[in-house]
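Asks: Heads up: the protein sequence lines correspond to chains A, B and C, in order. Sequential numbering of the first sequence, starting at 25, is according to the numbering used here. Sequential numbering of the second sequence, starting at 3, is according to the numbering used here. Sequential numbering of the third sequence, starting at 863, is according to the numbering used here.
Some hints could be false.
[Unchecked claim] Partial chain B-side listing against chain A, Cβ under 8 Å, derived:
| id | residue |
| --- | --- |
| 1 | Ala76 |
| 2 | Pro80 |
| 3 | Gly110 |
[As the list claims (entries may be wrong)] Subject to a maximum C-alpha distance of 25 Å in a straight line, what follows is the list of computed DSS-like cross-link-like pairs (lysine-lysine):
| id | chain 1 | residue 1 | chain 2 | residue 2 |
| --- | --- | --- | --- | --- |
| 4 | A | Lys221 | B | Lys193 |
| 5 | C | Lys1125 | C | Lys1140 |
| 6 | A | Lys133 | C | Lys1018 |
| 7 | A | Lys337 | A | Lys221 |
| 8 | B | Lys82 | A | Lys135 |
| 9 | A | Lys206 | A | Lys221 |
| 10 | B | Lys82 | B | Lys36 |
| 11 | B | Lys36 | B | Lys179 |
| 12 | C | Lys1018 | C | Lys1028 |
| 13 | A | Lys206 | B | Lys82 |
| 14 | A | Lys133 | B | Lys179 |
| 15 | C | Lys1140 | C | Lys978 |
| 16 | C | Lys1028 | A | Lys221 |
| 17 | B | Lys36 | B | Lys208 |
| 18 | B | Lys179 | B | Lys82 |
| 19 | B | Lys193 | B | Lys179 |
| 20 | B | Lys208 | B | Lys179 |
| 21 | C | Lys1140 | A | Lys135 |
| 22 | B | Lys208 | A | Lys221 |
| 23 | A | Lys133 | A | Lys221 |
These are computed hints drawn from the structure, not numbers from a lab. Everything numeric in this text was worked out from a predicted model, so none of it was measured. In this text, a Cβ means the ideal position worked out from N, Cα and C, and glycines have one as well.
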Amino acid sequence: MKRFLPGQHAARSALFLALLLAAPYALPNEYYLSICILACLNAVVAVGLNLLMGYAGQISLGHAAFYGIGAYATAICTTRLGLPIPVGMAAGVSLAAVVAWIVAAPTLKLKGHYLAMATLGFGIIVSIVFNEAVDLTGGPSGYVGIPRLALSGYAFDTDHAYYNLMAVVLALVVLGSLNLMKSRTGRALRALHVSEKAAASLGVDIAAHKRFVFVLSAALAGLAGVLYAHYLSFIAPASFGFAYSVQVVVMVVLGGMASVWGSVAGAFFLTALPEALREFEDIDILVYGAILVGAIMFVPDGLAGGLGRLARKLRRAGAAHGN
Amino acid sequence: MAIDAAAPLLDVSGATVRFGGIHALTDADFAIAKGSVTALIGPNGAGKTTMLNAITGMVAISDGEIRLDGTDIAGLAPHKRAAAGVVRTFQNLEVFTSMSVLENVMAGRHALTRYTVAASLLRTPGFRRAERQCRERALDCLEFVGLADDRDAPAGDLPYGRQRLLEMARALAADPKLLLLDEPAAGLNSKETARLGDLITAVRDKRGVTVGLVEHDMDLVMNVSDHITVLHFGHPLAAGAPDQIQANPEVVKAYLGEDE
Amino acid sequence: MLSGAPQYLVSGLTQGAAYGLIGLGFTMIFNTTGIINFAQGEFVMLGGMLAVAFLGLGLPLPLAVAAACLATAVVGALMERLAIRPLAGAPAINAVIITIGISILLRGGAMLVFGKDTLALPAFSGVAPILAMGAAIQPQSIWVLAVTLALLAALKLFFSATIQGKAMLACSCQKKAASLVGISVARMALLSFSLSGLIGAVAGAILAPITMTAYDVGTMLGLKGFAACILGGLGNPFGAAAGGLVLGVLESFGAGYVASGYKDAFAFVVLLLLLFVKPSGLFGKAGVERV
């Protein structure tokens, strides 16, 4: 394992941010900006979910619920309740976190398939509520009229402005996650992933740590949700169902478990893929599925793992050549 | 180092553990004197690992008391017992294979590395200082067991014997009062076992940590122990100095069975 | 107030039998390979859809259904051979993702071939409802229950009387030991996927006349089948069947008496409550992995 240099995370995140901010100038037209915004939103959710799945070794097949809770909470707060946008956003993130806190206690006692099923069931129940509680959420036809994001007078009314905001948010989320995982919390989570009893024997409060990372990942999904709502101005339950929960899991696995950068890559790739496949029209779902199956079969440790292995091979080849 | 016979560091009295119909421990007493290496031996199924599990909180006792330095710890959750000063190693290696050797040992100092989540996010000076100290102490433990050169290796890549040393280094990093070793010699060859013996003695003498040892390797036990307790069917059969235990006919019978 | 009860019971049992069969499919694969097959729902979808297709090609109904089920069994076998077996050493989550990928593939393929329309399979023996015990029972419901029972009986016989069946049970108890005594675990895996494909397709075909079928029915049915399997205790095949029945009945009564919109949520609420209280399921052994 490589030696870690101080300031490495900040430097890389800054470089990442610079690349993101420069990217729009390389794109042919504004339409692609909306894809980029969605990619950043998905990346925030994926990074959060990876903390739970990759590092802590838990699983959530219902994370779309927190994304939706964030979105609907801010939608209702800023329209029907007439609250200012920052309040709505705070409400969205907080509500996602609180719901996760409540669900965490009984759920995280479960393991493996039972945990998967519990989170899956939770996600489905929430998405059904989104559909059925028409008075609150507008039902299947969705919720309209959510104000575009505006903070202290500045309105993010162009896609480019919104994208810049998302880039900053994502870079900060990445930096925070990297920093957190390279600390005692990260060590504790990775420890309990491998051996709960050994971790406990060294003083790690297993239940508290699991709950913490679950709530954190839910809060991040909620954050993405509020930013999503204030971008599209319209949200519908279909975006927050089982299909999305699965998509985010795939982003995490494809990107590489326990790799923050991997989750970003996985999210970007899987957000761009349907767009790239759009020209295939009817067979786009088919190709998507095929690429998914192929990717997992041939690169089982994800993009991050695959690149890591490639890098090591190149280094060894370089060293052998040098001799 | 003189053994303080008056006040045992660990005092288990009347411990009873039942798994359904099986009585793993029945009214078992077990004491470890401060500054000693005390072994717990007995035939298979005698309840040795159950005793360790009870002391570390992985199994609940239905009766009895467990006192560490006079304080009752029987009600504490497992992760709180580490903070109280009891740390253990495991019979089946529980090394954190996804982390490096150094990170494993740093993880051992979890309870002693204190900073908030916010501090780790912002990389405050307090955080940096705490991490540096954690790293230094971890390296110190690695050097003590002889693994300093392997510090950046993935823990899972280490050969078996060195993984055992890693577990010990990780446990020592927690600055325990009492270090419990669960069959540390299992799977080691005679050279590695001899080194282990030296290490255990060094832990007692150079680091001032009291050691509790569950072991089957009798040579090791007789060489390093100051005191031995023999467990048989979940209940103590005999306790005393190594030569006393070796000469005890009851112990011999328990281990070797009745003469035909 | 209880006027609707017999009706709800009948429709609940009907739907529940189908859930039970789907759950059974999950359990069989899980027992032999340790994988949760998220494509199980698509096997169900294929059963109904292919039956409609074969009917359209001119086959008489019984043959169309039989052909659909056999075809789906082949799909299951191909899935195991081409996608699951190569994965042997990978972490469990990868297998989950692969099955999800395959379910996407199957759904996409069905959409391509059959379009997005809802299709109807004719009832096996007419639609005149039989009035009994205060409920109007569709003949198809009787088919569903009868076929389910017959299939369960056949499986019981298979597991207890045939060498292949016993070999599968052996795999589910102890894979390593099973392979040491000469059982080909790989072949058992293939068999389990084929059988699950068959059973799933049967569930789809017998249900299609009642609930119609379309390219996307697989998802929710699969999830509920999974819930049935957890309800009955993961790993217990007949528990899965019983779990399915319980789920179907609860769902039906919930929809009838509480609110039909939340019908789908019902199954999962029950499931969550059960998991929080007794994760080993109604019939599973207690002592499942809890912290």
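Asks: State for each hint whether it applies.
Replies: Against the structure, the hints:
no., hint, verdict
1, Ala76, "violated (16 Å)"
2, Pro80, "holds (4 Å)"
3, Gly110, "holds (5 Å)"
4, A/Lys221 to B/Lys193, "violated (30 Å)"
5, C/Lys1125 to C/Lys1140, "holds (23 Å)"
6, A/Lys133 to C/Lys1018, "violated (34 Å)"
7, A/Lys337 to A/Lys221, "violated (36 Å)"
8, B/Lys82 to A/Lys135, "holds (23 Å)"
9, A/Lys206 to A/Lys221, "holds (22 Å)"
10, B/Lys82 to B/Lys36, "holds (21 Å)"
11, B/Lys36 to B/Lys179, "holds (9 Å)"
12, C/Lys1018 to C/Lys1028, "holds (10 Å)"
13, A/Lys206 to B/Lys82, "holds (23 Å)"
14, A/Lys133 to B/Lys179, "violated (31 Å)"
15, C/Lys1140 to C/Lys978, "violated (40 Å)"
16, C/Lys1028 to A/Lys221, "violated (36 Å)"
17, B/Lys36 to B/Lys208, "holds (14 Å)"
18, B/Lys179 to B/Lys82, "holds (14 Å)"
19, B/Lys193 to B/Lys179, "violated (28 Å)"
20, B/Lys208 to B/Lys179, "holds (13 Å)"
21, C/Lys1140 to A/Lys135, "holds (13 Å)"
22, B/Lys208 to A/Lys221, "violated (28 Å)"
23, A/Lys133 to A/Lys221, "holds (14 Å)"
Hint violations for this structure: numbers 1, 4, 6, 7, 14, 15, 16, 19, 22, all remaining hints satisfied.
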